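**Q** Sequence:
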Amino acid sequence: MEFNYYDLLSRIIIGYFTLIASLYAFDISYNEDYSIAYIAAAFVVGYFINAVSSLLESFWFWTIGGKPSDKLLTINKKKKYTGISKVRLYNATAIIERLKKDAHSKSPTTGELFSIAKRACNGNKDCRIPVFSAQYAFSRVLLTAFTIVTLFLLWSHFDDWRYYFLIIPWLVFWNRFKERGYYYAREVLTEYMKNSEQTVAK
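My numbering puts the sequence shown at residues 85 to 286.
Calculated directly from the structure, the hints in this document are not laboratory data.
Take these hints with a grain of salt, some might be off.
Taking CB as the label site, the calculated pair distances span [what the hints assert, rightly or not]:
#1 Arg203 / Ala178: 12 to 22 Å
#2 Tyr174 / Ile120: 44 to 54 Å
#3 Ser199 / Ile123: 35 to 45 Å
#4 Leu255 / Leu92: 24 to 34 Å
#5 Tyr114 / Leu92: 19 to 29 Å
#6 Lys190 / Asn279: 22 to 32 Å
#7 Ile252 / Ser169: 17 to 27 Å
#8 Phe110 / Ala187: 50 to 60 Å
#9 Lys163 / Thr193: 14 to 24 Å
#10 Ile252 / Asp210: 35 to 45 Å
#11 Trp254 / Ile123: 21 to 31 Å
#12 Ile159 / Asn115: 51 to 61 Å
#13 Ile104 / Ala178: 41 to 51 Å
Cross-link-like lysine-lysine pairs, in silico, DSBU-like; alpha carbons within 35 Å at most [unchecked claim]:
#14 Lys151 / Lys184
#15 Lys184 / Lys161
#16 Lys163 / Lys185
#17 Lys163 / Lys209
#18 Lys162 / Lys190
#19 Lys278 / Lys170
#20 Lys170 / Lys209
#21 Lys170 / Lys184
#22 Lys190 / Lys209
#23 Lys161 / Lys151
#24 Lys151 / Lys170
#25 Lys202 / Lys278
#26 Lys278 / Lys184
#27 Lys209 / Lys185
#28 Lys202 / Lys151
#29 Lys161 / Lys185
#30 Lys162 / Lys202
#31 Lys184 / Lys163
#32 Lys190 / Lys163
#33 Lys209 / Lys184
#34 Lys202 / Lys163
#35 Lys278 / Lys209
#36 Lys184 / Lys162
#37 Lys162 / Lys151
#38 Lys278 / Lys162
#39 Lys202 / Lys164
#40 Lys164 / Lys151
As the structure is a computational prediction, the values presented were derived from the model and not from experiment.
Here a beta-carbon is modelled for each residue, glycine too, at the ideal position from N, C-alpha and C.
Sequences are here, hints too, so could you generate the full structure?
**A** See below:
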């Protein structure tokens, strides 16, 4: 079985962090004699958190106001760009028109348009989409793991006001998840447009 850097970060490291924090939350002492067992357990915990973060993806999108891909493909006449202030897409209109030409339905949804862009970019080894996808997925897993840890710690130490400061880093992780989602969606759309223009030029 082969592991890439995403597997290492999102399963073993995230799982180990969650496991140790959970032991602390429930006042269970760490036993160095079980280090190997802890690593194995960390992988299982990390795998579980990966699954949970995937199930919660729609919920996390709801907390940030919707899917980044939908926002990037929704024209706002009051702005010269789509997206958020930190992650902007200025040629959304041109991308949408190009995507509609590749769509099978007359009135495709933003979700259908983004799916077209993703399919068109699949298998392209000379793009940065896999990196952006891994970074987005990791930020989602990290947010989910930190949410679980924060809830455990607040539940077990609800009478200690210092633990409520965990909300601050949680907000940082939440905002990072939001940004990474937009970065990934923008990269897919940008790569699609670049490939389309190259195809037309040929």
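**Q** The structure should be examined with respect to each hint, and the outcome stated for every one.
**A** Outcome of the hint check:
Under the hint 12 to 22 Å, the C-beta atoms of Arg203 and Ala178, about 19 Å apart, fit the expected range. Checked against the hint of 44 to 54 Å, the C-beta distance between Tyr174 and Ile120 comes to roughly 52 Å, which is consistent with it. Look at Ser199 against Ile123: about 38 Å separates their beta carbons, and that is inside 35 to 45 Å. Checked against the hint of 24 to 34 Å, the C-beta distance between Leu255 and Leu92 comes to roughly 26 Å, which is consistent with it.
For Tyr114 and Leu92, the hinted distance range of 19 to 29 Å is satisfied, since their beta carbons lie about 21 Å from each other. For the pair Lys190 and Asn279, the supplied restraint of 22 to 32 Å holds, since their beta-carbon distance comes to about 24 Å. Ile252 and Ser169 have their C-beta atoms about 21 Å apart, which keeps the hinted 17 to 27 Å range intact. At roughly 52 Å, the beta-carbon separation of Phe110 and Ala187 lies within the given 50 to 60 Å, and the hint holds.
Taking the beta carbon of each, Lys163 and Thr193 are about 21 Å apart, inside 14 to 24 Å as hinted. For Ile252 paired with Asp210, a C-beta distance near 40 Å keeps the hint of 35 to 45 Å intact. Distance hint for Trp254 and Ile123: a CB-CB separation of about 26 Å, consistent with the stated range 21 to 31 Å. The given range of 51 to 61 Å is respected by Ile159 and Asn115, whose C-beta atoms sit roughly 58 Å from each other.
Distance hint check for Ile104 and Ala178: the Cβ-Cβ separation is about 49 Å, which falls inside the suggested range of 41 to 51 Å. About 19 Å separates the Cα atoms of Lys151 and Lys184, which keeps this hinted pair within 35 Å; it holds. Using a Cα cut-off of 35 Å, the hinted pair Lys184 and Lys161 holds, with the two alpha carbons roughly 19 Å apart. The hinted pair formed by Lys163 and Lys185 meets the criterion: a straight-line CA distance of about 25 Å does not exceed 35 Å.
Pair hint Lys163 plus Lys209 holds up; C-alpha atoms about 34 Å apart against a cutoff of 35 Å. Simply put, Lys162 and Lys190 have alpha-carbon atoms about 26 Å apart, close enough for the 35 Å limit, and the pair holds. Our distance criterion of 35 Å between C-alpha atoms is met by Lys278 and Lys170, whose separation comes to about 22 Å. Proposed proximity of Lys170 and Lys209 is supported: the alpha carbons are some 27 Å apart, at most 35 Å.
In summary, the hint linking Lys170 to Lys184 is supported, as the alpha carbons are separated by about 27 Å, within the 35 Å threshold. Restraint check: the Cα-Cα separation between Lys190 and Lys209 comes to about 31 Å, which is no more than 35 Å; the hinted pair holds. Using a Cα cut-off of 35 Å, the hinted pair Lys161 and Lys151 holds, with the two alpha carbons roughly 19 Å apart. At roughly 16 Å between alpha-carbon atoms, Lys151 and Lys170 fall within 35 Å of each other, so this suggested pair holds.
Of the pairs offered as hints, the one joining Lys202 and Lys278 holds, with about 13 Å between alpha carbons and a cut-off of 35 Å not exceeded. For the hint linking Lys278 to Lys184, the alpha-carbon distance of about 16 Å falls within 35 Å, and the restraint holds. Between Lys209 and Lys185 the alpha-carbon distance is near 25 Å, which keeps this suggested pair within the 35 Å criterion. Distance hint between Lys202 and Lys151 is fulfilled; the C-alpha atoms sit about 15 Å from each other, no more than 35 Å.
At roughly 22 Å between alpha-carbon atoms, Lys161 and Lys185 fall within 35 Å of each other, so this suggested pair holds. This hinted pair checks out: Lys162 and Lys202 have alpha carbons roughly 28 Å apart, not beyond 35 Å. For the suggested pair Lys184 and Lys163, the alpha carbons sit about 22 Å apart, so the restraint of at most 35 Å is met. For the hint linking Lys190 to Lys163, the alpha-carbon distance of about 26 Å falls within 35 Å, and the restraint holds.
Straight-line distance between C-alpha atoms of Lys209 and Lys184 comes to about 25 Å, which keeps the hinted pair within the 35 Å bound. Of the pairs offered as hints, the one joining Lys202 and Lys163 holds, with about 26 Å between alpha carbons and a cut-off of 35 Å not exceeded. Of the supplied pair hints, the one linking Lys278 and Lys209 holds, its CA atoms being roughly 14 Å apart against a limit of 35 Å. Between the alpha carbons of Lys184 and Lys162 the distance comes to roughly 23 Å, so the proposed pair stays at or under 35 Å and holds.
Of the supplied pair hints, the one linking Lys162 and Lys151 holds, its CA atoms being roughly 20 Å apart against a limit of 35 Å. At most 35 Å may separate the alpha-carbon atoms for a hinted pair to count; Lys278 and Lys162 meet this at roughly 26 Å. A hinted pair counts as satisfied when its Cα atoms are at most 35 Å apart, and Lys202 with Lys164 qualifies at roughly 24 Å. Among the hinted pairs, Lys164 with Lys151 is consistent with the structure: their alpha-carbon atoms are about 20 Å apart, no more than 35 Å.
Of the hints listed earlier, there is not a single one the structure fails to meet.
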